[in-house]
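Asks: Given next are the chains, with one letter for each unit.
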Amino acid sequence: MSELTPSQTVGPFYAYGLTPKGRAKWDPDGTYSWKETVGDNLVTPDVVGDRIRIEGTIYDGDGKPIPDAMLEIWQADGQGRYSNDPGSRKLSNAAFKGHGRSACDRDGVFSFDTVKPGAVVGPDGSKQAPHVLFCIFGRGMLRQVYTRMYFDGDAANATDPILKLVPADRRGTLMAKADGNTWRFDIHMQGDKETVFFEV
Amino acid sequence: MTLIYPRESLSAYPKYLTPDYKSTAKRSPTKPLILMPHTLTELTGPVYGHDAIQENDNDLTKQGKGEPLGERIIVHGYVLDEDKRPVADSLVEIWQANACGRYVHLVDQHPAPLDPNFTGAGRTVTDKSGYYKFITVKPGAYPWGNHYNAWRPNHIHFSVFGPSFLSRLVTQMYFPGDYLFPFDPIFNSVTDERDRARMISTFDLENTIPDWALCFRFDIVVRGRDKTPEDMD
Numbered sequence: 443m444s445e446l447t448p449s450q451t452v453g454p455f456y457a458y459g460l461t462p463k464g465r466a467k468w469d470p471d472g473t474y475s476w477k478e479t480v481g482d483n484l485v486t487p488d489v490v491g492d493r494i495r496i497e498g499t500i501y502d503g504d505g506k507p508i509p510d511a512m513l514e515i516w517q518a519d520g521q522g523r524y525s526n527d528p529g530s531r532k533l534s535n536a537a538f539k540g541h542g543r544s545a546c547d548r549d550g551v552f553s554f555d556t557v558k559p560g561a562v563v564g565p566d567g568s569k570q571a572p573h574v575l576f577c578i579f580g581r582g583m584l585r586q587v588y589t590r591m592y593f594d595g596d597a598a599n600a601t602d603p604i605l606k607l608v609p610a611d612r613r614g615t616l617m618a619k620a621d622g623n624t625w626r627f628d629i630h631m632q633g634d635k636e637t638v639f640f641e642v
Numbered sequence: 009m010t011l012i013y014p015r016e017s018l019s020a021y022p023k024y025l026t027p028d029y030k031s032t033a034k035r036s037p038t039k040p041l042i043l044m045p046h047t048l049t050e051l052t053g054p055v056y057g058h059d060a061i062q063e064n065d066n067d068l069t070k071q072g073k074g075e076p077l078g079e080r081i082i083v084h085g086y087v088l089d090e091d092k093r094p095v096a097d098s099l100v101e102i103w104q105a106n107a108c109g110r111y112v113h114l115v116d117q118h119p120a121p122l123d124p125n126f127t128g129a130g131r132t133v134t135d136k137s138g139y140y141k142f143i144t145v146k147p148g149a150y151p152w153g154n155h156y157n158a159w160r161p162n163h164i165h166f167s168v169f170g171p172s173f174l175s176r177l178v179t180q181m182y183f184p185g186d187y188l189f190p191f192d193p194i195f196n197s198v199t200d201e202r203d204r205a206r207m208i209s210t211f212d213l214e215n216t217i218p219d220w221a222l223c224f225r226f227d228i229v230v231r232g233r234d235k236t237p238e239d240m241d
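Note that the protein sequences, when read in sequence, are chains U and Y.
First residue of the first sequence? That's 443 in this note's numbering, and the numbers climb one at a time after it.
First residue of the second sequence? That's 9 in this note's numbering, and the numbers climb one at a time after it.
What the hints contain is simulated information worked out from the structure, not anything from laboratory work.
Please note that a few of the clues may not be correct.
Stated by the list, open to error - What follows is a set of in silico ranges between Cβ atoms, one per label pair, in the way DEER data are often shown: (1) Y/218 x U/469: 40 to 48 angstroms; (2) U/619 x Y/41: 20 to 28 angstroms; (3) U/443 x Y/58: 45 to 53 angstroms; (4) U/486 x Y/155: 40 to 48 angstroms; (5) U/530 x Y/30: 24 to 32 angstroms; (6) Y/196 x U/567: 40 to 48 angstroms.
No experiment lies behind these values; they were computed from the predicted model shown.
All C-beta atoms in this analysis are idealised placements derived from N, C-alpha and C, irrespective of residue type, glycine included.
So that you can see chain U by itself, here it is in the shape it has in the complex:
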């Protein structure tokens, strides 16, 4: 018997509590007076890594943008270091939090300003290709879905232990495409292009 507190949807009205400034970049009037704790800019003054922007659109099963989804990311810095060790509350890498949260605009667009993560250790001493973990919430989503964003063209993708678990014809849904310093990563909840979601 599980002891967990069950998950429930974030609902349509989370913005003034969780992303009060989240729409400021698209709509100066669309912000709330409440202060922001978790935002979409992960860049810190002394972070190690190349600055990048992650940008994408999230779509529902009809191919319509989802304007009220909330996306969170978790990632390592440019040297593949997370802010802390597993289970530890001490920050072994205090220079980079590695956590971000983005609202969506009316057209389902989200974005993060961050750094490109380095390779991270994987199971049994393997090495994971650079990736960003996504956790997605929304109205109509009773629990979060997890996915991963990889960087298209990175040689390490060929040997990534997690990508190997994904059928070859679906791996493309996890590949962000470069456009200068911006990496485009669209998310499809359903349909022919349905993004790979992970059971974790």
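Dock chain Y against the given chain U, drawing on the hints supplied.
Replies: Structure of chain Y alone, referenced to chain U:
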């Protein structure tokens, strides 16, 4: 101590596709999820300390020029892992409707009054024992468009961080004895009554403050438990 995150515990969670909650139809995965081992990425997660919050962030009755209308309440409890160990320094964020059942969100169309002294947003960080506390007003019920004459039971939205990114939880806290429970597809998306019971706060007379405010207790259990020898096989 190494924490593990058994997938069996997720049986308490709703299914992605829950037809009675209509918005799930186009927003739930249709292809099988890919089973994957937990790597360093999943086993770590953000830590927010007390510098993330400011005075009165956890007192929703003190964020306006005056006091909000409604029934003043205290909501408190512990954030715990699956072994019931406290989760210290856990960022806990809440948002809720006002006493009339109206959110300040820009797209809320419910024709109930806004309260100039109430936004309904709060946050705090748990102490060493995993304890958190909010002072707020009891949220009202409100209608929604899911089906004819649909009303949400009174609830407060919670967002919580745990020992790793796998422990991340967004949930809703309900109030004991709500007459809307049998009719709410979101509440009933959790199909086992024992699991649903853990989303319902309990009335806490012991911590109710005489002549001032009723108290409700809501403990939150997030993913993560200690590895036992049989897990090593």
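Asks: Indicate, hint by hint, whether the structure satisfies it.
Replies: Hints, one by one, checked against the model:
no.	hint	verdict
1	Y/218 x U/469: 40 to 48 angstroms	holds (47 angstroms)
2	U/619 x Y/41: 20 to 28 angstroms	holds (24 angstroms)
3	U/443 x Y/58: 45 to 53 angstroms	violated (35 angstroms)
4	U/486 x Y/155: 40 to 48 angstroms	holds (47 angstroms)
5	U/530 x Y/30: 24 to 32 angstroms	violated (42 angstroms)
6	Y/196 x U/567: 40 to 48 angstroms	holds (46 angstroms)
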